[in-house]
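As they're listed, the protein sequences go chains A and B.
Just so we're aligned, residue 1 is where the first sequence starts under our numbering, counting upward by one.
Just so we're aligned, residue 1001 is where the second sequence starts under our numbering, counting upward by one.
The hints are simulated quantities; they were obtained by calculation from the structure and are not laboratory data.
Cβ atoms here follow ideal geometry from the backbone N, Cα and C, with glycine treated the same way.
Fair warning: there could be bad hints in the mix.
[What the hints assert, rightly or not] Derived coverage of chain B by chain A (criterion: at least 3 residues anywhere in the stretch with Cβ under 8 angstroms from a Cβ of chain A; other residues may be distant):
| hint | region |
| --- | --- |
| 1 | 1028 to 1042 |
| 2 | 1288 to 1298 |
[Stated by the list, open to error] Short derived list, chain A residues pointing at chain B, Cβ under 8 angstroms:
| hint | residue |
| --- | --- |
| 3 | G37 |
| 4 | V40 |
| 5 | G54 |
| 6 | E61 |
| 7 | Y70 |
| 8 | V78 |
| 9 | S106 |
| 10 | D109 |
| 11 | L112 |
| 12 | K114 |
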Amino acid sequence: MSNIPVELRFAESHEWARKEGDLIVVGISDHAQEALGDVVFVELPEIGKVFAAGDTAGVVESVKAASDIYSPVAGEVVEVNEGLSGEPEALNNEPYESWIFKVKPSNADADLAKLLDAAGYAAAIGE
Amino acid sequence: MGQRTPLYDLHLALGAKMVDFGGWDMPLHYGSQVEEHHQVRRDCGVFDVSHMTVIDIAGPQAKAWLQRLLANDVDRLQDTGRALYSAMLNERGGIVDDMIVYRVEDGYRLVFNASTRDQDLAWMQAQLAGYDVQLHERSELAMLAIQGPHARHKIAELVAQSRGQLIQQLKPFEGRADGDWFIARTGYTGEDGLEIVLPAHEAPSFFNDLVGAGISPIGLGARDTLRLEAGMNLYGQDIHQDVSPLASNMAWSIAWEPASRQFIGRSVLEAELAKGVQHKLVGLVLEERGVLRAHQVVRIADVGEGEITSGSFSPTLSKSIALARVPMATADRAEVEIRGKWYPVRVVKPTFVRHGKTLI
C-alpha cells in the first residue's frame, strides 16, 4: 500500500496537487515514484510557461524509464524546484515534500474539482 | 503467470518487485536498483539467474559440431574447466545468440539467454543432421551469480572447505564441477565473481545462506546497468538476428584460424570484411543532465546517423551512458536527440567500468 495523504487531490496520471495560498503545488505520488524506481533526472518546466490542465509539463527519468509529468491544473508556472536538479532521488524519498513546480492557476476550483480525492485515487491505483 | 525459478517465493519474501522477463517472473529490484548496483561494484551481491538456459552437449562429434555451430573455436578449450564466449550465427552472419561454452568432463556445457531459448534450441536441432551429438537441456538446475570484488572470498567461507578451496583457486573464465554443483568464475557485471549451477532443490537454502550472511540480493535492473557499464551486449537489444558480430564489438570472439574451419556464417563475415565493415558499436557518454535510451537517434556531423541500442543512467559514473551502433567513420563526438533536442555526447570505447574502476 502506498501513502496517499487525504488533504491532496490527484490526477489519474499520478500527479498530486495541493493548494498553497493562491498557488497550486504539484508533485508525483508515492505510487508513481514506487513504480518508476530510482529517479535520476527531472526535467522541470520553464517559469512563465502557461499550461492547460493535462498539458505535458516536464519529465521524470528513472533508471528504468522516462515518464511525462502533466499539469493537473491550468495556469502559469511561477516557481520550479531547482533542488531536484542536484537531488532527484528526493522524489523517491519524500514524494509529498518534494514538489516539482507551482502554478498560478487560471481556474483553480473547477480544475481541482475534476481531480480525484484520496479515496478516488486509491481506487484508481487498485489499493 | 510467467515461469518461476525455484527462488520465486524467496524473492517475494525479500520484497522484490517482480517483472516479466522473457516469459519469466523475475525480481527487478528489492528496493533500490541503484543501491544494488553500488553493492556489487563495492562489495558483492547475489543474482538469481535460474531463468538462463543450460544445455549439455555430448557425443563423439560434440567438438566438431560446435566448431561448425559457433563463431569462436571450442578447440581453444584444451582442458576441462576452460570456458569461452561465442556468438552463434545464422547463414546470413546475423547473431542467433551469444553464450558461454564450458569444457566439461564428458563434453561441453552451454549457458545462454532465457528469452532466446526456443529459437536457439530450434536452430541447434536444425544443425544436428549428420552429427552424432546429443543435446541435453538441464532445466532441473538452478543458477546463481555471486558478483563483486568480495564475492569469491565471502562464498568460500560459507561452503565446505574443499569447495571453498576450489573457489579460491579458480582462474578467470574457469568452471569446474564439484559433486552436482558446477562453479565458474564468470559473470555479466565486469566484476570478479562466480556463476554457480546447482540442483534446484538446493538453491533456496543456499540463496538463504548467502542473504543471511549479508550478501544482498540483486535484481535484473542492476544486472542491466552493471553489464552496460561493463560494455557487455544484451541479446535482443545490442545484438540480434540481423546484425553482424563485426558491427557489435565482438570481432575478438571470432576465431578465423584455422581457415579450414567452416563455421556457419563465416563466408558472409569474410565478404563483409573484404567489402569493409560499415558500422561499429561504440559507447556514448552524456555530459549534461538527461538519460540516453535505446532507439534514440545519434547524429555524427559529416558522417551520418546511428542509433542507441542500450542506454541508461550509470550509477558508478553518475551520468548517462549508452551503447550505440554508428557508421564506422564516427570519431569522438556525436549528438543524440532526446525529446526533440540535440545533446552533445562523447564517443568512447564501450567499456565504461571494469573491476570498480572508471575507464572513460
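Here is how each hint holds up against the structure:
1. Judged by the Cβ-Cβ criterion of 8 angstroms, the region 1028 to 1042 of chain B is covered by chain A as claimed, because 5 of its residues qualify and three suffice.
2. Here's how the region 1288 to 1298 of chain B fares: 4 of its residues keep a CB closer than 8 angstroms to some CB of chain A, so the rule of at least three is met and the hint holds.
3. For G37 (chain A), the shortest C-beta to C-beta distance to chain B is roughly 6 angstroms, which falls under 8 angstroms, so the interface hint holds.
4. The closest approach between the C-beta of V40 (chain A) and any C-beta of chain B is roughly 4 angstroms, which is under the 8 angstroms cut-off, so the hint is satisfied.
5. Hint status for G54 (chain A) relative to chain B: violated, with the closest Cβ pair at about 18 angstroms, above 8 angstroms.
6. Satisfaction of the interface hint for E61 (chain A) is found here, the shortest Cβ-Cβ separation to chain B being roughly 4 angstroms, below the 8 angstroms cut-off.
7. This hint is violated: Y70 (chain A) has a C-beta 15 angstroms from the nearest C-beta of chain B, more than the 8 angstroms allowed.
8. Violation of the interface hint for V78 (chain A) is found here, the shortest Cβ-Cβ separation to chain B being roughly 23 angstroms, above the 8 angstroms cut-off.
9. Because the beta carbon of S106 (chain A) sits about 26 angstroms from the nearest beta carbon in chain B, more than 8 angstroms, this interface hint is broken.
10. For D109 (chain A), the shortest C-beta to C-beta distance to chain B is roughly 33 angstroms, which exceeds 8 angstroms, and the interface hint is violated.
11. Restraint check, L112 (chain A) versus chain B: the minimum CB separation of about 29 angstroms is more than 8 angstroms; hint violated.
12. Proximity of K114 (chain A) to chain B is violated relative to the hint, the smallest CB-CB distance being about 27 angstroms (cut-off 8 angstroms).
Hint check: violations occur at hints 5, 7, 8, 9, 10, 11 and 12; the rest are consistent with the structure.
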